[in-house]
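Participant: The primary structure of each chain is shown beneath.
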Amino acid sequence: MSPSKPERPPLVALLLAISDASERLSRNGGRLLEPADERDDPIDAVEYVEPFRNAAADLIVWLEIKGRSGDADEIDDAIASMLEVARSYDRGELQARLPDDDRAGPLEPLDQLIDAMRAASGRLEDLDDEIPAQVWEGYDDA
Amino acid sequence: MRSPLGDLLHDLLDTTADVEARRAVWADADDRLMESTADRVVDLEVAGLGSLAARIEARVAFAREAIRTEPHRLQSDPDADGLTLDLLRDASVLVDATDRRVPSQSAVPVSETPAGAAGNEGFGDGDGEVEVPPLTDNEVAVINTLARFDPLQLASASKIEAEMDAPNRRSPRTIGKAVTRLIELGLAERPRGDRSGARLTTAGRRVARKVAD
Chain V
1 MSPSKPERPP LVALLLAISD ASERLSRNGG RLLEPADERD DPIDAVEYVE PFRNAAADLI
61 VWLEIKGRSG DADEIDDAIA SMLEVARSYD RGELQARLPD DDRAGPLEPL DQLIDAMRAA
121 SGRLEDLDDE IPAQVWEGYD DA
Chain B
1 MRSPLGDLLH DLLDTTADVE ARRAVWADAD DRLMESTADR VVDLEVAGLG SLAARIEARV
61 AFAREAIRTE PHRLQSDPDA DGLTLDLLRD ASVLVDATDR RVPSQSAVPV SETPAGAAGN
121 EGFGDGDGEV EVPPLTDNEV AVINTLARFD PLQLASASKI EAEMDAPNRR SPRTIGKAVT
181 RLIELGLAER PRGDRSGARL TTAGRRVARK VAD
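Keeping their order, the protein sequence lines are chains V and B.
Under the working numbering, think of the first position of the first sequence as 1, with each following residue one higher.
Under the working numbering, think of the first position of the second sequence as 1, with each following residue one higher.
Don't take each hint at face value.
Which bits of chain V does chain B cover? Going by a derived footprint, with three or more residues having C-beta under 8 Å, they are [what the hints assert, rightly or not]:
id, region
1, 56-70
2, 104-113
Each pair of labels, with its calculated beta carbon distance range [to be verified]:
id, chain 1, residue 1, chain 2, residue 2, range
3, B, Gly-176, V, Arg-27, 25 to 35 Å
4, V, Ala-104, B, Glu-20, 43 to 53 Å
5, B, Thr-136, V, Pro-51, 17 to 27 Å
6, B, Gly-50, V, Val-12, 23 to 33 Å
7, B, Leu-83, V, Ala-96, 17 to 27 Å
8, V, Gly-30, B, Gly-193, 13 to 23 Å
9, V, Arg-27, B, Ile-183, 31 to 41 Å
10, V, Glu-84, B, Arg-68, 18 to 28 Å
11, B, Asp-137, V, Asn-54, 36 to 46 Å
Since the hints were derived computationally from the structure, they do not count as laboratory data.
Even for Gly, the Cβ is constructed at its ideal location relative to N, Cα and C.
Looking at chain V on its own, in the form it has when it is part of the complex:
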């Protein structure tokens, strides 16, 4: 019998999902936020990141139960920051601005949304390095 492959910690699953979503947005431009075949109304940015808020809430509660409220804070803050940008995007409050790095051209609102998602994913990746794998034992049993 071959050894079973270790399961991916739920925090990694979340950060990868956010990363994938940001890449899809980056590849497809704003089309993901435009009407799909099945609907005549565009999805908005908050709706696009909504599944990550739900998943993060589960992780936050789990970490609180495990007495790791500092780690829960980090997830909470990373997701809240991303949501804030998504809300600003939906309200049309984001303005094109010059980037802090050496990228060419201004950062359009969609770029800022994508950056916010990447930043959240990066923060969760950093956090994952600090949380022992044992903390997640039993997570999927509940």
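Position chain B against the provided structure of chain V, taking the given hints into account.
Facilitator: Then chain B, alone, in the frame of chain V:
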């Protein structure tokens, strides 16, 4: 079973087309929000989860601050409550996750509260008086599946199909017909137009709970 906070959210979503009705719901949303979370917060503190309790309290406080000015803002802008709704959603998501992970010691399930008196629609009313209309097997399969979705989420026929358990799976065409019938019965709605996704109304969720029992 939806939490009292989920009920509040759903009442707000159910009245999105009617600003006056929505203002009325917002007017007592503050009390309902407090009522729906206060016991739970104490419960968590007793269970030694004070940090989680504080986190929920903070989100609730944030939402309450926005709620207090909501009826006034809606007078000038019918879409003004979008952000407040999302803050409420923030609180609801965390409470729901807590309910999944930490069994409540003191909270009384909605279905066990005394049945609401006539005209007492909304918070705290039970399922005891729910009248289930005659539904076909297809309609039951669809209403049960729609009940699994988040109250905020609009589900297309293909999403409903994907969510169905394999033995009960129906075709998108059958699902579409069933959704249309549920809408006629007032159990589902397409709040963003006929070509958008569907979700259950408050009445639909109550019937779904009853059907599932």
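Participant: So, for every hint listed, does it hold in this structure?
Facilitator: Hints versus structure:
1. Restraint check on the region 56-70 of chain V versus chain B: 8 residues with Cβ-Cβ distances below 8 Å, three needed, restraint holds.
2. Only when three residues or more bring their CB closer than 8 Å to a CB of chain B does the claim for the region 104-113 of chain V stand; here the count is 0, and the claim is violated.
3. The hinted range of 25 to 35 Å is satisfied by B/Gly-176 and V/Arg-27, whose Cβ atoms lie roughly 31 Å apart.
4. At about 51 Å, the CB distance of V/Ala-104 to B/Glu-20 agrees with the hint of 43 to 53 Å.
5. Range check, B/Thr-136 to V/Pro-51: Cβ separation about 32 Å, and the 17 to 27 Å hint is violated.
6. In this structure the hint that B/Gly-50 and V/Val-12 lie 23 to 33 Å apart at CB holds, the actual value being about 29 Å.
7. At about 23 Å, the CB distance of B/Leu-83 to V/Ala-96 agrees with the hint of 17 to 27 Å.
8. At about 21 Å, the beta-carbon gap between V/Gly-30 and B/Gly-193 stays in the expected band of 13 to 23 Å.
9. For V/Arg-27 and B/Ile-183, the hinted distance range of 31 to 41 Å is satisfied, since their beta carbons lie about 36 Å from each other.
10. Taking 18 to 28 Å as the suggested C-beta distance range, the pair V/Glu-84 and B/Arg-68 conforms, at roughly 21 Å.
11. Distance hint check: the CB atoms of B/Asp-137 and V/Asn-54 are about 31 Å apart, inconsistent with the given range 36 to 46 Å.
Of the hints listed earlier, those the structure fails to meet are numbers 2, 5 and 11, in rising order.
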